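Protein chains in written order, with the numbering used here: chain G, 1 to 340; chain S, 1 to 190.
These aren't lab readings, by the way, just hints derived from the structure by calculation.
Using 27 Å as the maximum straight-line C-alpha spacing, the simulated DSSO-like pairs for lysine-lysine come out as follows:
#: 1; chain 1: G; residue 1: 115; chain 2: S; residue 2: 59
#: 2; chain 1: G; residue 1: 276; chain 2: G; residue 2: 319
#: 3; chain 1: S; residue 1: 59; chain 2: G; residue 2: 170
#: 4; chain 1: G; residue 1: 242; chain 2: S; residue 2: 59
#: 5; chain 1: G; residue 1: 89; chain 2: S; residue 2: 47
#: 6; chain 1: S; residue 1: 59; chain 2: G; residue 2: 159
#: 7; chain 1: S; residue 1: 59; chain 2: G; residue 2: 78
#: 8; chain 1: G; residue 1: 90; chain 2: G; residue 2: 115
#: 9; chain 1: S; residue 1: 156; chain 2: G; residue 2: 215
#: 10; chain 1: G; residue 1: 126; chain 2: G; residue 2: 113
#: 11; chain 1: S; residue 1: 112; chain 2: S; residue 2: 127
#: 12; chain 1: S; residue 1: 47; chain 2: G; residue 2: 170
#: 13; chain 1: G; residue 1: 159; chain 2: G; residue 2: 113
#: 14; chain 1: G; residue 1: 113; chain 2: G; residue 2: 70
#: 15; chain 1: G; residue 1: 296; chain 2: S; residue 2: 156
#: 16; chain 1: G; residue 1: 319; chain 2: G; residue 2: 187
#: 17; chain 1: S; residue 1: 156; chain 2: G; residue 2: 315
#: 18; chain 1: G; residue 1: 75; chain 2: G; residue 2: 92
#: 19; chain 1: G; residue 1: 193; chain 2: G; residue 2: 276
#: 20; chain 1: G; residue 1: 315; chain 2: G; residue 2: 215
#: 21; chain 1: G; residue 1: 170; chain 2: G; residue 2: 159
#: 22; chain 1: G; residue 1: 151; chain 2: S; residue 2: 156
#: 23; chain 1: G; residue 1: 211; chain 2: S; residue 2: 156
#: 24; chain 1: G; residue 1: 78; chain 2: G; residue 2: 126
#: 25; chain 1: G; residue 1: 92; chain 2: S; residue 2: 59
#: 26; chain 1: G; residue 1: 126; chain 2: S; residue 2: 59
#: 27; chain 1: G; residue 1: 211; chain 2: G; residue 2: 332
#: 28; chain 1: G; residue 1: 78; chain 2: G; residue 2: 113
#: 29; chain 1: G; residue 1: 170; chain 2: G; residue 2: 151
#: 30; chain 1: G; residue 1: 92; chain 2: G; residue 2: 115
#: 31; chain 1: G; residue 1: 159; chain 2: G; residue 2: 89
#: 32; chain 1: S; residue 1: 47; chain 2: G; residue 2: 187
#: 33; chain 1: G; residue 1: 89; chain 2: S; residue 2: 59
#: 34; chain 1: G; residue 1: 199; chain 2: G; residue 2: 325
#: 35; chain 1: G; residue 1: 276; chain 2: G; residue 2: 316
#: 36; chain 1: G; residue 1: 90; chain 2: S; residue 2: 59
#: 37; chain 1: G; residue 1: 242; chain 2: S; residue 2: 47
#: 38; chain 1: G; residue 1: 187; chain 2: G; residue 2: 242
#: 39; chain 1: G; residue 1: 126; chain 2: G; residue 2: 296
These figures come from a predicted structure and were not determined experimentally.
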Amino acid sequence: MSILRKLLRALVVSIHIFLSYYHYFSHLHKKTYFQQRRFFSVTEFKYAQKQEDKGTKEDKDTKKKDEKKKVPRMKTFKIYRFDPETGNKKPKMQSYTIDINDCRPMILDALMKIKTEQDSTLSFRKSCREGICGSCGVNVDGINRLACLHKIRPRGTTKIYPLPHMYVIKDLIVDMNKFLAQHSRIKPYPIPKQEHCVKAEGEEQFLQSIKDREKMDGLVECILCACCSTSCPEYWWHGHTKAPNDFLGPAALLNAYRWIVDTRDGATQERLNDLKNYYNVYRCHQINNCTSVCPKRLEPGRAIAQLRLHLARFKKKPKPDMEGKVPADPYKACPKDECE
Amino acid sequence: MSLIFRLAGAGNRLGPIGCQFMRHDKSGLISFVRPVTLKAQAAQPPKEEGHDERNMRLKRPQSPHLTIYAPQLTSMLSISHRFTGMALSAYVIALGIGAIVLPESIPDYIEKLECLEIGEVGISIIKFFLAFPLSYHFWNGIRHLLWDTGRFLTIKEVYITGYIMLTLAIATAIGLTMLCVPPEEEQREE
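Chain G with its partners taken away, still in its complex shape (with noise of 0.2 Å):
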C-alpha cells in the first residue's frame, strides 16, 4: 500500500508541475506551430520565397545603384552676385562647382547645397521648397522658374539670374514693394453688395454655386511669385512709372479679374473703373511670355483678354446662380462639448 501511495503521490506532484507549465508548453507550441503555417499551400510558400529572392535582389541593385551615384558628376553654376555692403558695389557672376550626384534634383536644392557648403553669403529667398509660397523665383537659363520646381539641366552651365528688371537687395532677392502695391491696388478682397452689408462681419456667409466656383478654377491658384510679370516686356518698360499710370502687369491683372468672375462680390463695376485708363490693361501687347512662363499653368494672358472684354462690355458678369447669405456656423465641425 505504501508503495502505491508513494506512486500516487509522485503521480499528482507530476501532473500537477505538468499542468503549472502547461500554459507556457503550449503557447510556445502554438507559436512555432502558428509559423510553420504561414504558408496554406506550397505555390503560396514558393511565391513567397521568390518575393524574398526579389527583395534581396533589389538590395543588391540599389546597392550597386549606389556605388554608380558615388562617381561625382561636377556641375557649374553661374550666380549673379550684388552685396551692397562691399565698397565695389557692381553686380558681378560667380560660379559654383557642385557634385549634382550628392544634390537633391532641383535648382533650389543646388543653391541651398552651395549656400551650405561653399558660400554662405549667397542670398536667395526661400521658403516651402514645393512650389506653393512663391518666395524662390529666378531667372534660369534666361528663363523665370521657381527654383524649387525646375529641375537641374545635367549637362553644361546653368546661369541663374534674380527676376529680371527689378531693383537687387542682395544677390537673388529683388525689391518686390512695387509689384505688391500693384497687387494691393486692384483691392485683392471681396467687396460685397451695399444691401448686404448689415450684419456684422462673421456673423453670415455668402452663398455661391459649385459651378460658379469652378469659373475662377485657374484664377484663385497664383501665388504671386513674380514670375510672369518679371517676364513681360511691357513690365519692364511700363511698370515701374509712377502709380496711376502704371502698367500693372499680368499678376495684378489676373488677381483683378478673378474678383470681377467672383460672384460673391458686388463692386464689379467700380473694379473695371479703376482700370479704365491708358495704362493699367492696355499696355498689355499679348507678348504671352506670362502664359508660358507661369510655374503654376494659369493663363494671365487669357485674363487679360478677358478683361479687355468686360472693360469693352463686350462681355458682362452673368448673374450667380445663387445669390444671398446664410447664417456662419463656426462651431459646425466640432462636438458641442468642446465648443463650449
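For chain G, the structure is supplied; the task is to place chain S on it using the hints.
Here is chain S on its own, set in the frame of chain G:
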C-alpha cells in the same frame, strides 16, 4: 552711469583715495557726468518716397532683363510684328514722299532697276522683302484679332497659331514674289 553716481555719492565714505578718484578735475570720472534734459517731440511722419527714388538712393542695381531673357516664340513673334509694322509704314512713307519729291515717277525707277541686271534672283529677293512685312503683319494681325475675342490663349494654342501664321505668312510672301503682271495684258491695256 548709476555706478558713477553711486561712487560720487559715496565719495566721502570711500575715504581720501575714492574722493580723489572721483573728484579729480581733469582725469576723474565725474567729468563724464553731464546734465541732460529730455524733451517730448512730435513724431515726424515718414518721408514719402517713390519706389524708384528709394532704390536709387540705396544704389541698388537693376537686374539684367533684355540681355539675359531667353528668346522664345511668343516674344519673338511679338517683336517681329512690331518690326514688320515699322517696315510697312517706312515703305509707305518712303514711297509716298519719293513719289512727290523725286524728279521722275516711280515706274521709271522700277524700269531702271530692271535694267541694272541683278538677275531674276536679285529682283525676287527685293520683291520678297517688300512683300514679307505685309503678309506677316496681315496674318499676325488676324491672330491678334482672334486673341482679342478671348480665344486661342492657352500656351499650346499660342504656339500652334504661331506656327500656322508663320507658314501662311511665308507662303503668301513667296506667292506675292512669284506674282508678275504678264506683259501681254499690259500691252492690251495700252
